[in-house]
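Generate coordinates for the entire structure from the input sequences, incorporating the hints supplied.
Protein sequence lines, in the order shown, are assigned to chains A and B. Numbering-wise, the first sequence is residues -14 to 424 according to my numbering. Numbering-wise, the second sequence is residues -14 to 424 according to my numbering.
Keep in mind that a hint or two might mislead.
Remember, identical chains collapse to one label, so a pair may be satisfied in a single copy or spanning two.
Capping the alpha-carbon separation at 25 Å, the derived lysine to any residue pairs in SDA-like fashion look like this [said to hold, decoys possible]:
(1) Lys323 / Thr17
(2) Lys345 / Pro243
(3) Lys13 / Phe216
(4) Lys312 / Leu387
(5) Lys345 / Gly(-1)
(6) Lys312 / Gly419
(7) Lys312 / Arg231
(8) Lys345 / Asp12
(9) Lys323 / Gln222
(10) Lys345 / Arg43
(11) Lys13 / Cys224
Since the hints were made in silico from the structure, they are not lab data.
2 protein chains.
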Amino acid sequence: MTTAVQMVQMIRQGETTAVGLVSAAFDKIAETNDALQAWAWLDRDAALAHAAALDSLRQSGRTMGPLHGVPVGLKDIIDTAAMPTACGSQPLAGRQPDADAFLVSRLRSAGAVVIGKTTTTAFAFMDPAATRNPHNYDYSPGGSSAGSAAAVAAGHVPVAVGTQTNGSVIRPASFCGVYAVKPSFGMISRDGVLRTSQTFDQVGVFANALEDAALVTDVLADFDPHDEGCFWRPRPQLCAGLASLRSQDPHFAWFDMPYFDRLAADAHAGLMDTVARLGNRVEQVSAPISFAELIEAHAVIQTYEIPRNLDRIRQEFGDIFPPELGKLMAHGATISDKAYDDAMQCRMAAIDYFASCFDKFDAVLTPAALGEAPLFSESITGNPICSTVWTLAGLPCVTLPLLRSAHEMPIGVQLVGAAEADDKLFGVANWLDGYLRQK
Amino acid sequence: MTTAVQMVQMIRQGETTAVGLVSAAFDKIAETNDALQAWAWLDRDAALAHAAALDSLRQSGRTMGPLHGVPVGLKDIIDTAAMPTACGSQPLAGRQPDADAFLVSRLRSAGAVVIGKTTTTAFAFMDPAATRNPHNYDYSPGGSSAGSAAAVAAGHVPVAVGTQTNGSVIRPASFCGVYAVKPSFGMISRDGVLRTSQTFDQVGVFANALEDAALVTDVLADFDPHDEGCFWRPRPQLCAGLASLRSQDPHFAWFDMPYFDRLAADAHAGLMDTVARLGNRVEQVSAPISFAELIEAHAVIQTYEIPRNLDRIRQEFGDIFPPELGKLMAHGATISDKAYDDAMQCRMAAIDYFASCFDKFDAVLTPAALGEAPLFSESITGNPICSTVWTLAGLPCVTLPLLRSAHEMPIGVQLVGAAEADDKLFGVANWLDGYLRQK
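Dropping the structure here:
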């Protein structure tokens, strides 16, 4: 599959045009999307018109952006002024935002062509969407960024944008066999993205190559005073981090997580094989914090915040929430402010611990999911628990599609870096990707 | 004087700190600002606290922005949430905006330290400010970006931001002997900048080196959907343009402008000497449009728009406008919609002409001002006419401090490029600067 980096290069060398790339994307979508259901909205005419405008800029000698002509998909909880944004909810079908999300402006000024909106579970929670897994239609792509993961895995688009509140970027990427990054908390503005949890909602990127994930994240990552979680400090440059040469092999930390007894046998075996191949580059680290407590704290914070944020939807549209989300909405109201405050304290302790421990190693090596994707017939999106601790602490995470299940389904290997050191994480990820792909 | 590029390099190499740079800036300001009056507001404590935060990021190994630790001044019509923004008007003293202008966010995320607000003429019009010219206090620095030009020329800060509606960046830069750029219309967002004319208001940058002007413009230039004049296309990269190697010498166009009979004798002689040194690299071009008509069209549009935009101020604060602006406010109300529409048509014809003519040459060579700065005692800000046509057409302009008057006051040489080809213009400017500084 052609990467975004290759597409831009091909346009630069006159080997293709933005119209050519966008047409090809729609041809590919026409072949498989009836079965896959990766898209909630597509607008071929608008995308081709945008591509034609980019081609005419190119012909007039104007500057090309870093994503000039690249077709991109956006999870359908990201506001677009030119397309509806239904948040995966039938009652919101046709809802037309007034303005683009901040990140859409970033894509536009980089020259990307937003060709449509990708399927999301309703309100980005855990009730499954209609999307299928491109590797085997009997399987689910996971969630909540189901369509973004599937559209990239199916080669409809080289890159797509999703969001993660627990494991909604890393998990579907693992299930669908693509690369994905959930950058440090505060790197990418969430202005104009459906808010479910102000503490955990984060934007992430799916791609078929690490360099594409780096390129798109570099474009999206920018300070936006309209998102109070967005930090004003300079952004680590992921493309530069990816390209940086290492003077020595990286050093990985391995934490024994309380959920490892739930790893599928094939996923466990694959990870152990990976650890064995890395030899003394991996060190088992024991943390002076309880990961089980952190996972519980994440649940408390998320369950407290989601109903309070979605109450706006309830007031406007009524009780339109699907079963899993409905249960959480009801439960959330019973969580006390005290319990929430305690959980936030617990989160701060985790942030403090992770702020100091990364001087002893370069990245945490850990599973991206408990195993292969669930079957579509199970009507679940899979367990996000392999992401919970890292999301809680706001650390940058990347998943690499390096393992296979006994059924030949993809399984990801996750790397976690120090906060706001996403550039370094990408350097380590590039090393690991190259090392493990050697015969 | 140390440039911004050098400052960032010094921090990178551990030779200084952000606190060191900001302290030095305030020491320099203390020496001369009582006489110069370049600053409308300074906040030493806040600037040092910001610098200390940047130093601690640096020490913790976090990413450095392209302007890490660089002290910057902002014309006092640019909104800052942390400092008053009085627009050069006593009745607005202490006015505290709710939010930073878009460009302030850009500076902040690049690591710059906004140390204060620079003096502006009232509402950026032509009634002079109290600021003096650093080269000789008997002279005016020009206007309206008086303090930004003077603060850079005096070495208080390496770079400062101003605005231009007619000639308010290029003219004071010429008078004060510094470099300045007024980029293509739509490159830099004006969100949060006092609006006087939606058609002409543009943000510009003052510096003591071309590379600093390029660096700051690259930081500021970004798409912002909140400014309807801001284009969504990728920004030309000025630093890259500056560094690009030319395969052949540039080709300059010389237009005979209707105001050349008003050039001071020394300015005229300096320009003619420059043209002579460039030999056959300069070609006289005759345009199929009337520049006199364009200058008249600019006056009509500006005079129509300014009173309508400033009416908000009048409603809130009453009739607080100084004499020159007061006259314009009164006159503006008499301009008919028809006259305005005709002038806008005339502007479109100019844009059309300049869209095609730059394939025959690389840049227009033209004066930045009619001569040296006016005397302070004249109580004028100087004639902006050398900028009018280029501002009208939204073309990128840069002024180089290459000439001297008979009184040893600075005079600038202006280069004008094709719309949205600011990168190429900077390559040409760099060539000319190097060529004319050869013995």
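Query raised in the report: Among the hints numbered above, which are violated by the structure, and what are their numbers in rising order?
Result: 1, 3, 4, 6, 7, 8, 9, 11
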